[in-house]
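**Student:** Chains as they are written, first to last, in our numbering: chain P, 1 to 398; chain V, 1 to 317.
If you're looking for bench data, these hints aren't it; they were derived computationally from the structure.
Honestly, I wouldn't trust all of these hints.
As the list claims (entries may be wrong) - Computed cross-link-like contacts, SDA-like style, restricted to lysine to any residue with a CA-CA straight-line distance of at most 20 Å:
no., chain 1, residue 1, chain 2, residue 2
1, V, Lys130, P, Gly107
2, V, Lys103, P, Leu13
3, V, Lys130, P, Val213
4, P, Lys387, V, Tyr13
5, P, Lys62, P, Gly107
6, V, Lys103, P, Val213
7, P, Lys382, V, Phe74
8, V, Lys107, P, Val213
9, P, Lys6, V, Phe74
10, P, Lys6, V, Arg91
11, P, Lys387, V, Val16
12, V, Lys130, P, Leu13
Said to hold, decoys possible - Pair ranges (Cβ atoms, derived):
no., chain 1, residue 1, chain 2, residue 2, range
13, V, Ser286, P, Thr17, 56 to 66 Å
14, V, Arg119, P, Glu388, 40 to 50 Å
15, V, Gly137, P, Leu13, 51 to 61 Å
16, P, Thr385, V, Arg88, 23 to 33 Å
17, V, Arg256, P, Glu288, 24 to 34 Å
Just so it is clear, CB atoms sit at the ideal spot from N, CA and C, and this is done for glycine as well.
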Amino acid sequence: MRNTWKIARWEILRNLTNKQFLIGLLITPLIMGLFIVVPALLERLNQPVATTYYLVDDLGVKDTLQALLPENIILEQAESGADLERLVQDTKASGYFVLTSDFITSGQVDLVYSDRNSQSMNAVSRGLTALLQQLRLNLSGVSPQELAFVTAPAQVRQVPLKEELEPQVMHLAVAGVFTMLIFFLIFTSGTMLMQSALQEKRDRMAEVVLSSVTPNALMQGKILGHFLLGLIQLGFWLALGLPIAIAFLDFPILEALKAVNLPVILLFGLGGYLLFSALFVGLGATMEDLQSAGNAQGLVIMLPMLAFLFLGPVMTNPDGSIAVFASIFPFTSSVIMMLRSGLGAVPLWQMLLSAGLLLITAFITMRISAKIFRVGMLMYGKNATPKEIMRWLRYKEN
Amino acid sequence: MDGLYVEGITKTYGSVTVVNGVSFHAAQGKILGLLGPNGAGKTTILRMIMGITAPDRGSVVFRQGSSQMEGIPFRDIGYLPEERGLYREARVLNILLFLAGLKDVPKQEAKERALMWLRKFGLEEYAQKKVEQLSKGMAQKVQFAAAVLHKPKFVVLDEPFSGLDPVSQEQFKAEIRALASSGAAVLLSSHQMNIVEELCDEIFLIYKGREVVKGDLQSIKARYGSFRIDISCAGDSNLPIDTEQVEALEKLDQGRYRYILREGVPPLEFVRTLPADLEIHALSISRPSLHDIFVRVAQGGASHAEHLEDRPLGNLA
Numbered sequence: 001m002r003n004t005w006k007i008a009r010w011e012i013l014r015n016l017t018n019k020q021f022l023i024g025l026l027i028t029p030l031i032m033g034l035f036i037v038v039p040a041l042l043e044r045l046n047q048p049v050a051t052t053y054y055l056v057d058d059l060g061v062k063d064t065l066q067a068l069l070p071e072n073i074i075l076e077q078a079e080s081g082a083d084l085e086r087l088v089q090d091t092k093a094s095g096y097f098v099l100t101s102d103f104i105t106s107g108q109v110d111l112v113y114s115d116r117n118s119q120s121m122n123a124v125s126r127g128l129t130a131l132l133q134q135l136r137l138n139l140s141g142v143s144p145q146e147l148a149f150v151t152a153p154a155q156v157r158q159v160p161l162k163e164e165l166e167p168q169v170m171h172l173a174v175a176g177v178f179t180m181l182i183f184f185l186i187f188t189s190g191t192m193l194m195q196s197a198l199q200e201k202r203d204r205m206a207e208v209v210l211s212s213v214t215p216n217a218l219m220q221g222k223i224l225g226h227f228l229l230g231l232i233q234l235g236f237w238l239a240l241g242l243p244i245a246i247a248f249l250d251f252p253i254l255e256a257l258k259a260v261n262l263p264v265i266l267l268f269g270l271g272g273y274l275l276f277s278a279l280f281v282g283l284g285a286t287m288e289d290l291q292s293a294g295n296a297q298g299l300v301i302m303l304p305m306l307a308f309l310f311l312g313p314v315m316t317n318p319d320g321s322i323a324v325f326a327s328i329f330p331f332t333s334s335v336i337m338m339l340r341s342g343l344g345a346v347p348l349w350q351m352l353l354s355a356g357l358l359l360i361t362a363f364i365t366m367r368i369s370a371k372i373f374r375v376g377m378l379m380y381g382k383n384a385t386p387k388e389i390m391r392w393l394r395y396k397e398n
Numbered sequence: 001m002d003g004l005y006v007e008g009i010t011k012t013y014g015s016v017t018v019v020n021g022v023s024f025h026a027a028q029g030k031i032l033g034l035l036g037p038n039g040a041g042k043t044t045i046l047r048m049i050m051g052i053t054a055p056d057r058g059s060v061v062f063r064q065g066s067s068q069m070e071g072i073p074f075r076d077i078g079y080l081p082e083e084r085g086l087y088r089e090a091r092v093l094n095i096l097l098f099l100a101g102l103k104d105v106p107k108q109e110a111k112e113r114a115l116m117w118l119r120k121f122g123l124e125e126y127a128q129k130k131v132e133q134l135s136k137g138m139a140q141k142v143q144f145a146a147a148v149l150h151k152p153k154f155v156v157l158d159e160p161f162s163g164l165d166p167v168s169q170e171q172f173k174a175e176i177r178a179l180a181s182s183g184a185a186v187l188l189s190s191h192q193m194n195i196v197e198e199l200c201d202e203i204f205l206i207y208k209g210r211e212v213v214k215g216d217l218q219s220i221k222a223r224y225g226s227f228r229i230d231i232s233c234a235g236d237s238n239l240p241i242d243t244e245q246v247e248a249l250e251k252l253d254q255g256r257y258r259y260i261l262r263e264g265v266p267p268l269e270f271v272r273t274l275p276a277d278l279e280i281h282a283l284s285i286s287r288p289s290l291h292d293i294f295v296r297v298a299q300g301g302a303s304h305a306e307h308l309e310d311r312p313l314g315n316l317a
């Protein structure tokens, strides 16, 4: 265990003093931050600009129409017979339209535009529709109040049968973010572990290190080291990201954090990490370099992605049989169970079965990987074939 | 007796037996050279000693003082593998400290010794440099330092001299001698006979996974190398060939000849039989070098190796 710890410490120090790692540590939240901040900023910048439309108002409805339009759309009266095109161009208005007495019967208007601002044009269209309805109802003697009453949409409230099943948007959002974050960590840590095993081979250090520690200690040290590195990354990102998210997102994040089902996230996050880290470190030991990964190895690298196939079905029907299967199957359960626990209560038996299976699978994978690791680390110059790997599994241990 | 005991280790990969029933003893304070051509099984033997691969049969025992150690005494072993390398992007001193830490050397002490070794090899200004800035020879010195920094009782060096320039070779030889005289049991593998011949107290010659010869150098030479007598003489003298005593007469050069005597023929006795009027410029008596024995065995192929094995080796050790 002491040796495991020494290896872990070396892995951590080696990465923390490595430029690439540090750049990644900074760049990743920067990129993620951009995804949060830029849309929010754009949203703010995208405040509707005042747009002006000229109106030749034969019906005398300018004020009525103006009241039906959003504030940023300004109607300007124009004399009939004026050079409307000129006027629009000179004043940099957005367009013009003419309301003649025909409008009430035909409902037809030509909205002539100078710049195609679909947002304001749609607003004008909606305003004109409402105006048309009013005008026509006026003709048949219906009051605006009656009109509003008739055209009001139904107000549907979605009420769950039982109190605890109430859809918790907050839970879902936070579970979703955490699931993504933990998945991201599992995937990056797994890839880093694989590279660490590859590097050990590339730098021909495996034998030297193995003359001081057992292969198991080396493997466990790497897994522990990258787990702690992952936590450091997570802590760093949260410390950096939370204030930014709170400042820019219109969302009660601190409230939502309290609602997180922490034990489930910890248990399944850890289980998923153990499973995939064991898988990746063993995989690294079978390869010469990342570029030359064979088909079988490529498939294993994609294995953590499997959970994403189930995201759609799970979101639409969190208690359906696909969701239940995906939250119990060990190679998808870590991600899916974290997500499901955010979507609503998961039956205890499923939770226990899934956790048990995940941990057992992680344990078995560790054992298999340890066997592959101890042989693979000393193999130089080529990728191992599946046949060779099968043979390694049969080698006896010391 | 203290030291490393290897007893009948065998390793088979698939249908190929890479190491076949090899036994030897590396005594403390001595240097044992493991010799053999490429692919003879040297590295596999060393890896089995290091516990990196497990022998199918046989045992490896480290004995020190009265205690026989359980398993591999990681802290007391220094190992320089054949495949050399260091973490490229790490700093020299940090690697030395990390590896010494794995051997449980206290940090302060490890640092002092690391700097001492770097000074010894003239690399002190590289302590804070990254490994990728080192030349190949420099990196090999750092690796050597890493292997012996913790003052191991057992030192296992796989081809320690390969890739070194002559000056560095001398440096390594001196350090290896110093390790042995400080009481370590040194086991080194090599295919460079001349170095082994100078350095090792005992040798173990292996071919195709089997022991061919072992023992101290003089008794091996006595056993496998009959005397050879080189003569330089005037003109193309007609040298006599007494097949009773002489196995072969080789012409080395214009006026230079080599008699290879039959086994057990005393060289001085043979010299007396040379014609009295022979005009000799120079005459030397020597045993064959290890190189000659090695080549003979290696070229002789498996049948030769088996033939040698059948012979009683007597008490060589």
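**Student:** Hints first: check each against the structure and report whether it holds.
**Tutor:** Right, here's what the structure says about each hint:
About 80 Å separates the Cα atoms of V:Lys130 and P:Gly107, which puts this hinted pair outside 20 Å; it is violated. Note on V:Lys103 and P:Leu13: the hinted pairing holds, with a Cα-Cα distance of about 18 Å set against a maximum of 20 Å. Pair hint V:Lys130 plus P:Val213 does not hold up; C-alpha atoms about 24 Å apart against a cutoff of 20 Å. Our distance criterion of 20 Å between C-alpha atoms is met by P:Lys387 and V:Tyr13, whose separation comes to about 14 Å.
In summary, the hint linking P:Lys62 to P:Gly107 is supported, as the alpha carbons are separated by about 16 Å, within the 20 Å threshold. Between V:Lys103 and P:Val213 the alpha-carbon distance is near 9 Å, which keeps this suggested pair within the 20 Å criterion. For a cut-off of 20 Å, the pair hint linking P:Lys382 to V:Phe74 is broken: about 29 Å separates their Cα positions. A distance of roughly 18 Å separates the Cα atoms of V:Lys107 and P:Val213; the hinted pair therefore holds under the 20 Å criterion.
Among the hinted pairs, P:Lys6 with V:Phe74 is consistent with the structure: their alpha-carbon atoms are about 15 Å apart, no more than 20 Å. Under the criterion of a C-alpha separation no larger than 20 Å, the hint pairing P:Lys6 with V:Arg91 is consistent with the structure, at around 17 Å. This hinted pair checks out: P:Lys387 and V:Val16 have alpha carbons roughly 17 Å apart, not beyond 20 Å. Only pairs whose Cα atoms come within 20 Å are accepted, and V:Lys130 paired with P:Leu13 is accepted, the gap being roughly 15 Å.
Look at V:Ser286 against P:Thr17: about 57 Å separates their beta carbons, and that is inside 56 to 66 Å. Our hint of 40 to 50 Å for V:Arg119 and P:Glu388 holds, since their Cβ atoms are close to 45 Å apart. Distance hint check: the CB atoms of V:Gly137 and P:Leu13 are about 28 Å apart, inconsistent with the given range 51 to 61 Å. Taking the beta carbon of each, P:Thr385 and V:Arg88 are about 28 Å apart, inside 23 to 33 Å as hinted.
Range check, V:Arg256 to P:Glu288: Cβ separation about 52 Å, and the 24 to 34 Å hint is violated.
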